[in-house]
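Here the protein sequences line up with chains S and R, keeping their order. For the first sequence, position 262 (counting from the first letter as 1) is numbered 575 according to this note's numbering, and the numbering increases by one without interruption. For the second sequence, position 232 (counting from the first letter as 1) is numbered 545 according to this note's numbering, and the numbering increases by one without interruption.
FYI, nobody ran anything at the bench for these hints, they're computed from the structure. Do not take every clue at face value.
Where chains are identical, the list cannot tell them apart; a pair therefore holds if satisfied intra-copy or between any two copies.
[What the hints assert, rightly or not] Derived pair list, reagent style BS3-like, types lysine-lysine, alpha-carbon separation capped at 30 angstroms: (1) Lys428 - Lys504; (2) Lys747 - Lys542; (3) Lys1019 - Lys953; (4) Lys335 - Lys953; (5) Lys778 - Lys724; (6) Lys795 - Lys1019; (7) Lys747 - Lys778; (8) Lys532 - Lys457; (9) Lys1001 - Lys919; (10) Lys1001 - Lys948; (11) Lys953 - Lys1001; (12) Lys704 - Lys428; (13) Lys542 - Lys532; (14) Lys335 - Lys950; (15) Lys1019 - Lys950; (16) Lys1001 - Lys942; (17) Lys950 - Lys1001; (18) Lys662 - Lys716; (19) Lys919 - Lys948; (20) Lys439 - Lys981; (21) Lys873 - Lys747; (22) Lys542 - Lys773; (23) Lys724 - Lys981; (24) Lys919 - Lys532; (25) Lys953 - Lys855; (26) Lys679 - Lys919; (27) Lys1019 - Lys1001.
Number of protein chains: 2
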Amino acid sequence: MKYLLLTLIGVAMMLNSKAQGKVLTMEEAVLGYQLYPKNLYTQWQGDRNILTWLDGTDLVGEVPGSGEKKVIMTVGELNRAIDANLQGWAQYAWKDGQTLTLMRQGKLYEINTDKKQVSRRYTLPKGAQNITSNGTDLLAYTLKNNLYYLDANDNTFAVTQDEDPNLVNGQSVSRNEFGINGGIFWSPDGKKLAFYRKDESQVATFPLLDITTRTGSLKEIKYPMAGMKSEQVSLGVHDIASGKTVFLDVTDFGREQYLTNIAWGPASDYLYVQVLDRPQKHVHLNQYCARTGAFVKTLLTEQNEQYVEPQTPIVFLKNDPSKFIYRTNNRDGYFNLYLVDADNGKVLKRLTDVAADVEMIGQDGKYMYYTSAEVSPVENHLFRVDIKSGKKNRLTTAEGWHKVTPSADMKYFVDNHSSLNVPRVIDLVQNNGKIIRNLLTAEDPTKDYNFGEITLGTVKTADGKFDNYYRLIKPMDFDPAKKYPTIVYVYGGPHSQMVKNTWQAEMRRWEMYMAQQGYVVFVMDNRGTSNRGAAFEKAIHKQCGQAEMADQMKGIEFLKSLPYVDSNRIGVHGWSYGGFMTISLITNHPEVFKVAVAGGPVIDWKWYEVMYGERYMDSPHTNAEGYAKVSLMGKAKDLKGKLLICQGAIDNTVLWEHSLSFIRECIKNNVQVDYFPYPCAEHNVMGKDRIHLMQKVTDYFEDYLK
Amino acid sequence: MKYLLLTLIGVAMMLNSKAQGKVLTMEEAVLGYQLYPKNLYTQWQGDRNILTWLDGTDLVGEVPGSGEKKVIMTVGELNRAIDANLQGWAQYAWKDGQTLTLMRQGKLYEINTDKKQVSRRYTLPKGAQNITSNGTDLLAYTLKNNLYYLDANDNTFAVTQDEDPNLVNGQSVSRNEFGINGGIFWSPDGKKLAFYRKDESQVATFPLLDITTRTGSLKEIKYPMAGMKSEQVSLGVHDIASGKTVFLDVTDFGREQYLTNIAWGPASDYLYVQVLDRPQKHVHLNQYCARTGAFVKTLLTEQNEQYVEPQTPIVFLKNDPSKFIYRTNNRDGYFNLYLVDADNGKVLKRLTDVAADVEMIGQDGKYMYYTSAEVSPVENHLFRVDIKSGKKNRLTTAEGWHKVTPSADMKYFVDNHSSLNVPRVIDLVQNNGKIIRNLLTAEDPTKDYNFGEITLGTVKTADGKFDNYYRLIKPMDFDPAKKYPTIVYVYGGPHSQMVKNTWQAEMRRWEMYMAQQGYVVFVMDNRGTSNRGAAFEKAIHKQCGQAEMADQMKGIEFLKSLPYVDSNRIGVHGWSYGGFMTISLITNHPEVFKVAVAGGPVIDWKWYEVMYGERYMDSPHTNAEGYAKVSLMGKAKDLKGKLLICQGAIDNTVLWEHSLSFIRECIKNNVQVDYFPYPCAEHNVMGKDRIHLMQKVTDYFEDYLK
C-alpha cells in the first residue's frame, strides 16, 4: 500500500473520545452555537495601543502590559449619548483612537469615548447599503444602482444618477472573484471617491420564482455564464471638491477585462489597478492619474498559460512611499511578497522566499509581518521579516492555527489560536513573540458529550507528488471488531481548506452527529484546494473534478484498508463544488459509492459564472472537450446507487437549472434519483431550514446506507 | 358493521385470476398499449349509411345488413390523389358522404372518395390551430391570438387583428369549464362565424421556468386565481359576405360573466347562449340576433344556492325548428332532457324522467336517443324515447358499459361495450336494438399474465345515503392466511368516475403491477364524483375534501374488516385532486396512513383557477372559513407518515406554487417530507417520463410500506 502514508502527525493527533456522555441533537449539530468555545471579540482601539472587548454591559480596555482593565464606556453611558435604551452592546467598531461607530435604526453614530458623547450622526436613507466612511466627515453608500455620499448635517450628494438598472455603481463586481468584496474606495485623504461601475446590459437574465407572493412572482437576476457575454466594469473617481467624476482610461484587454485589487497611492494622487484579460491569462499592474483618469504606466505584468489570479492590492511601505509590497504566486508557485520600486515597477527585493502561500499581516516600515503554512499545511503561524536585512523570525510557537490581530502601530498582537485538542487560547503578545498575558483559555464546551475519536492524517495525491490531509472520525463507542458504514464528506473545490489542525480539526459538527449514529466520517482536501501552492491548485485546470476525484479515490483506498470500514457501505455527501464532486464520484465510481447526497451541485460548468468558471475551465469554446468530459449531464445514465440532490430553489450562485437539468437527464434515461428543493433558500440553506436539511441528509443515509 | 354493504353485484363480479402467468413490466404497466383489447375505430361515412374502418392499408366500408365489405379507397389511391407516398392511413375523417378530410404537411385535403381525387386543398400557415370547417368551402383557424379563415384558393381573411396579446380570439375560454372546448362556431349555413374573444389583461401572470434554453428562460402564463380578477369573455359574430363583426350584447352579470354552451338556430339567424354569473349561482338561456348582436330574450333561467353548471348546448328538433331539447340537472337533481318551445322558453314536455344523468346521443324527429346510468351507476346503456308518446325502450342489454355511435340518420348504431370480464365487443345494431352483426369480439390481451382477482362492490357513503362503488384487486397468488400491505388509489374530485363495470373495472394497469408486487389495491369513488346526480356531487360544496375524506375513511373501515388487509400497512396515492385527497388523508388521519404519494396536488384552493375553484368552493372572500378548513397549509405540521410529493415543474393547471408552498411549510415546521419534480412536465407526467414516475411511486411504497 505504497500510496498510503499515515504520518506521525496523524498518529500523534487524536482527540480522545469519552466513553460516556451526551449525544448531539440535530439542532445542536447544526446551530448549537453554545458548543463553540468561548471567544472575546477583542478590538484594538484605533491607533491607541489599547485592546478593547465587551465585558458584560461594559466596553472595557487594557493597555498591554499594564495588567489593568479600564471601563471605556458603560451601556448606560452609551444610552445617554445616543438617547437609547439598549440592554447591552450588540456591535461596535473603532473609527480612530477616541471614536467608535455604531449603527442604529438607520443612523450611524460616531461617539467620542473620551467625552462620552456623539460627535457625528449620519442619517441614512432606507435601503442604503455598502456604507463606507472616508475616515473623516463623509459617508458613502449605495441605494439601488447608484452611489451617494452624505455628511453629518444631512446633506446628500449623488455621485451617480443612472436610470438604467443595468448600470450598477459602487457595488462589488466580477461576482466577488479576484479578492473583490466591495465597490467603494475612498482616497487616503478622504477627498476622492473611487468606485466600480458595472454595465450588465449584455448579461443574460435568469428567472427565480418567489412563491411567497399571492400568485407567485418572479425575480430576474443577471447571471454572466461561462462563454457568454459578461459584465463590463469601469472605475470612476469622484472628486468631492469639484463634484466631478472621471473614469480610468483602461484599455488593456477590451470591454470585458477585469479591474481588480484597487489601491490608492499614499498621496491620494494615483490609483493602482491589477487589470486582467477575460481569459485570465494576463495581468497588468497599472498606475492611473486619479485627477484625470489617465493611464500613467504599467508597473508589473504576469502571464500564465493556465491562469493568473491576483488577490491582493499593493501596499505602500509605511515610511517610504516610493516602494510598495506586491504579492503574487506567479513567480515561484507560491504567494510570496516582493518589495517593488513604485516609480518603475522594478522588484527591489524578495521579502519572503517560502514554499507556502504567504499572507501579509502588517508592516511598520522596519518589519513586515506575515502568516503562512510553512510549518505545516494544516498550521498557520506568524512570522516577521526585517525588511532591510531579510532576517526572519517565527513569532508563534504553540502547535496549531493562529489568527493574529496586530495593534495599529504593530507593537502588539492578539493571538487567537487552537489545535486539535485545544479549544481556544487567546494571548496578548509583543511583536517579538513574547507573550504578555493569556487573555482566555477556553474550556471544552463539548466535554459532556460522547464524541468519537478524531484523527488527522495524510494520504498521497494520486500523482504521488503531494500529501492530502484528512480528518477521520470514528463512531461513538467504537468497537474495532465491527464494520461501520462510512460517509465521505467532500468539498474539494478551489479556495477551500477543510482540514486544519484547529480544534476538532475544523469538523462540521454534523460529522460528529453521524459518528454518534454509528458512522465513520472522513473528510480530505484534494488537489485544487487552497494554501498548498499553484502546482497543487492548478492540477485541476481545464478538467475540474478529475484530479480531485483521483485524489478522493486514494482516500477511499485508505478507508478500505481500515479493518473497521465496511467497504460495501460507503456514502458521500457534499454541497456546491462538493455537490459536483459527490455526483461525479457516484457516477464515475458506482461500484464504490452506495449512497450519495449532493447539494446545490454544479452539473455543467457551461452554466456556471464567467469569472470563476473560465479561470478553472477556460471557455466552453476553447475547451469544449474539457467541459464535455467533466459535465455530469452525460453521467446521469451511469448512476447506480441511491442519490439525493438538494438545492435552494432561489439559488443565485449555482442556478436551479443545474440540478433540474440533471434529474431531467435521469428521467430521460429512466434512472431513479431523489430530489428535494428548499423553496425559499439561496445557495446555502441556512438557519432553521438547515436543521431540516441535515435531518433529510441523515435520514437518507439511515434509510439506505445503514 | 352497518356501513358495509357488499352488494350482490360485488360478490358476483370477480375477474378470475390465473395462478400461472407473466408479470407486468413497468413499461407494460404504464404504456403497454398492446395490452389494451383490440379496437376497430369505425366511422360512419358522413350521411351515407355506410360504416367504415381501416383494414390493413385499405379504407373499407359496409352497408349495415348487407354483410358485404367494400374497399372505399386504397392507400395507393390516396397516394395518387394527394401525391404522397404513405405506407398506411394514419388518420381520416368524413366531412360528408363522399368527402373525407386529411391533414398532411400543413395542408388540409378534402378527398372525393367516389372520384378518388382531391376536391379541395387548403394551405394552412405554420402554427395554425383550432382548424374548423364551415361544412362547405371555408376553413377557420387561429394563429397566435387572432382568428382567420381561408378558402381553397389560398385566399386568407383576418377576422380579428388584435395586437394586444391579452386579447385572444377564436380559442377556448373559461379554462375549458362548462363543457367549453373550443372557440369557433360556424353557423349551419356556413356563412357566419361566431367566436369567443377573451380579454386577459386583468388576469395575473405566473412564471414557468424553461430549463431547456441555454441560460434558462421564462414562459409567463395567464392564470386566473380564485377570488382574483378573471378573464372577460365576449362572443363575436363575423359575417363572411359583409366582412363585418358584431359582438353579442350580453349584459346579464357584468364583465366576468361566463358565456357558455353556444348554439346556433337552425336558420343561422340566432345564437343561443347560456350565460352564468361569476359566482355560478344563476344561468340565463338567452337568444341573440346573429346579424346585429342584439339581445332578443331570455328563454329559461336556473338558479341554485350551491351552483348551476350548464354543460350542454340546446339542440333543435330535427323536424321542427320551433322546439329544442334542453338539458339541466337543476330541476330534479339529475341531468334530464326537456322539450322547450323555442319561441317562449316554455317547457312543453319532459323527455326523460330518470334518477340518473342522461346524455343525449341523437334524435331523428321521432325518437330521442340517450345513454344513462339508470340500470346501475357503474353501467351505461342506450335508450330511446318516442318524443310524442314518451314511451321508452332500452336498446342495449349486455351487462356493462356501452359506448354508442349512431349513423347520421339514426337508423343504426355501433355499440362498443365491455364489462368486468369482457374485454370488448363491437356490434352493429339497428336503432330498435336488434343486433345486425358482431363486428368484433376482442380477445383478452392479458390472458398470459398472472393477474390478481378484481372485485367490484359498494360501501355506503359516510352520511349513509348513497353507495360508493369500488374495485378491489387482490395480490397475485393470493393467500387468504396472509396480511398484505394495501394501497388506496384515490382521485375523488368532480367530473370523474374511476369505477365502472368495464373490462377490468377501469383499472389503471399500474394497480395490477402493484398487486403483482404483493399489494392489495383499492379504488373507490366518493361523493363529489360524477354520474350520480346533483345531491351526490354537491355534497362537497364549500368544503372540498371533507365529504370525500369521510367516504374514503368508510372504504378504509371496509378494508380493515378484510382479514388479509394489514391495517398497519395502508398507503395512499393520488394525483391532482387525488393529490389533494392524498395529503388530506395522511395529515388528517396520520394513525391510518403510513405512506402516501401525492402528485400535482392542490394545496390551497385560493391558488386554483376561478372557474372550477369558485364553483365548488365559492370565493375566498365569501367562504374564507371553508378555504381555511380544507387548506393543507395548516396541515403540514400534522404529517406523521412518509409522504412523497411529485409535480411537473411547468404545471399550468395546478401551479408549482402549491406543492412548493406545502414543502416550505413542512420545512418551517421541521417536518420531513419527500419531493420529486419533473422539470419538463406539465400537469400530467406523460410518455416515457411516466415510466420513471410510476417506478418512483412504486419504489416509495416498496421502501416504506412493505
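Violations among the numbered hints: 2, 5, 7, 12, 21, 22, 23 and 26
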